[in-house]
Amino acid sequence: MTSQNNARSAQRGTTEAPWIRWTLTGMALAFMFLFLVLPLAAVFTEALRKGWDAYWEALKEPDAWAAIRLTLLTAAVAVPLNLVFGVAAAWCIAKYEFRGKSFLTTLIDLPFSVSPVVAGLIYVLVFGAQGWFGPWLMANDIKIIFAVPGIILATVFVTFPFIARELIPLMQAQGNEEEQAAIVLGATGWQTFWRVTLPNIKWGLIYGVILCNARAMGEFGAVSVVSGHIRGQTNTMPLHVEVLYNEYQSVAAFAVASLLALLALVTLVIKSVVEWRHEREMKAMAELPPEDPHTRQTTATASVAVA
Amino acid sequence: MSGHVASLQGTVPAAGDRARRSSARVLPGFNLTLGYTLLYLSLIVLIPLSALLLKTFTLTWPQFWEAVTAPRVLASYRLTFGASFIAALVNVVFGLLVAWVLVRYPFPGKKIVDALVDLPFALPTAVAGISLTALLAGNGWIGQFFEPYGIQLAFNPNGVVIALIFIGLPFVVRTVQPVLEDAEKELEEAATCLGATRWQTFSRVIIPSIAPALLTGFAMAFARAVGEYGSVIFIAGNMPMVSEITPLIIIGKLEQYDYAGATAVATVMLVISFILLLIINGLQGWQRKRSAGSSQ
Chain G
1 MTSQNNARSA QRGTTEAPWI RWTLTGMALA FMFLFLVLPL AAVFTEALRK
51 GWDAYWEALK EPDAWAAIRL TLLTAAVAVP LNLVFGVAAA WCIAKYEFRG
101 KSFLTTLIDL PFSVSPVVAG LIYVLVFGAQ GWFGPWLMAN DIKIIFAVPG
151 IILATVFVTF PFIARELIPL MQAQGNEEEQ AAIVLGATGW QTFWRVTLPN
201 IKWGLIYGVI LCNARAMGEF GAVSVVSGHI RGQTNTMPLH VEVLYNEYQS
251 VAAFAVASLL ALLALVTLVI KSVVEWRHER EMKAMAELPP EDPHTRQTTA
301 TASVAVA
Chain U
1001 MSGHVASLQG TVPAAGDRAR RSSARVLPGF NLTLGYTLLY LSLIVLIPLS
1051 ALLLKTFTLT WPQFWEAVTA PRVLASYRLT FGASFIAALV NVVFGLLVAW
1101 VLVRYPFPGK KIVDALVDLP FALPTAVAGI SLTALLAGNG WIGQFFEPYG
1151 IQLAFNPNGV VIALIFIGLP FVVRTVQPVL EDAEKELEEA ATCLGATRWQ
1201 TFSRVIIPSI APALLTGFAM AFARAVGEYG SVIFIAGNMP MVSEITPLII
1251 IGKLEQYDYA GATAVATVML VISFILLLII NGLQGWQRKR SAGSSQ
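From first to last, the protein sequence lines stand for chains G and U. With our numbering, letter number 35 in the first sequence gets 35, and the count goes up by one each step, no holes. Offset between the second sequence (1-based) and our numbering: plus 1000.
In case anyone wonders, no lab produced these hints; they're calculated from the structure.
Result set (DSS-like, lysine-lysine): computed pairs, CA atoms no more than 25 Å apart in a straight line: (1) U:1111 to G:283; (2) G:60 to G:50; (3) U:1185 to U:1111; (4) G:101 to U:1289; (5) U:1110 to U:1185; (6) G:283 to G:202; (7) G:283 to U:1110; (8) G:101 to G:202; (9) U:1185 to U:1289; (10) G:271 to U:1110; (11) G:271 to G:202; (12) U:1185 to G:283; (13) U:1111 to G:202; (14) G:271 to G:283; (15) U:1111 to G:271.
Residues of chain G placed beyond 12 Å of chain U at every Cβ, according to the derived structure: (16) 51; (17) 66; (18) 69; (19) 72; (20) 140; (21) 147; (22) 148; (23) 195; (24) 206; (25) 281; (26) 283.
Heads up, the beta-carbon is just placed ideally off N, CA and C, and yes, glycines get one too.
All chains should be modelled from the sequences, with the hints used to inform the complete structure.
Okay, here's the thing in structure tokens:
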């Protein structure tokens, strides 16, 4: 009884008076509303300012379609490339000990801290007309900068760490025991990866892929440096938004932007579902009863005996 | 299990090494994955970045110095770093508030609010830029309330700060939130039992325990803000000497085919972001040590 009372008073001591709680919650929600909800709402309101017809007209425009196609193509190349890299990097960093491992991890994170504009610039310095391979590329009539390959390269750079970064801590936490068991029982390396590792990391993998995809489709700064802004050819959706906006075609700009905002919302929904799923699985694992009913019985008897 | 595997191989390494060495031998694919990782990292990141540094070395020192200390460039550093610093400070305060409310207080719709915190990660920066501009311009939903008082929120440094607050918010919330979740209530209970007021407990017990996470969040928000381009250029107004950020200086120089100048300024930014990355790594190490120490 006394211990229960003590616990209750301690509980009271570790939380705030209701009015403080409500004030803080209110302030946090007001801040979120001002900084997150309003900008999101503004995109759709501005896009529909002149009604649905103007909205559809803006989206049906050939240049808008070309931008959508280019954005999808860019993500379709960049995400799988970084997916393969992410799995390979996570495997060698999480499963083995070697010298320079933490340095390698830092290098993988590097693209996150480089300004997108600098990311675009470095590819101009390598492949541009003045760059290392510029003259050779020109002689062979290959265009990378101010063309689609440059856009894809810049996108790969800015989304480089996303998947590796999700997988490395996850695989480190899971350890090597299950894979070792599979190998000792005679599985090949590939079988071990597909049947043991992949099912274990699937949520982290999906999580990384959707974040990587959102950034790949939405990247602006890096792509803007290498694209050359040729309408209908080298404008991705974010660049097309900029062009329309600068031409004072507000409705059209926000209409294309609303598609990107929808992409962001879908990303957030998938991300949340993945997190809840993962949490539920972890909880279910923790609550799993001992597998052999016989053992459970004996431990129960044992605990009764001790009591 | 790893002990069993090691004994199968007939080796008896030192206890601490056992798990590591046995795994290195049992699991295949080390050479393949490390080789691929290094190759891809070199092709995509290291070689292009070294192009930037090598290009910088072709400049003479006076050329370099003149490019990175021109008055217009200096003004852009002041704006970029000043606005990023203010935005990161605001994010620390409100990020802590949001994380605190999400972890400690129940309220309806919490899961949705929690999911929404990541919106700035998911929303393309150009979309955030035009949307914030529409909101804050003199005739916008928010701007109209400030216009009569002569306060301009868009097309000047105010707009830059607001855009950078938007961009940096999730960094602070997402670094502080897990630490608050793991924080042991026993410490707070002990402080209360020893007669501390709630405010004393907060400032003397809770704040010190989340300080590393707060600092990490601050550094991450700051680092992201320094390099940010997309969301800022729409709202900044981009007036030279007043509201022109450093990444825009680089773009401007590129558009005038001044590759040397662009490279010089980019190198300064790259060095600064490298330093910030090292600081963040150090802070994260500190935080890991702190949490490992408290759990023992």
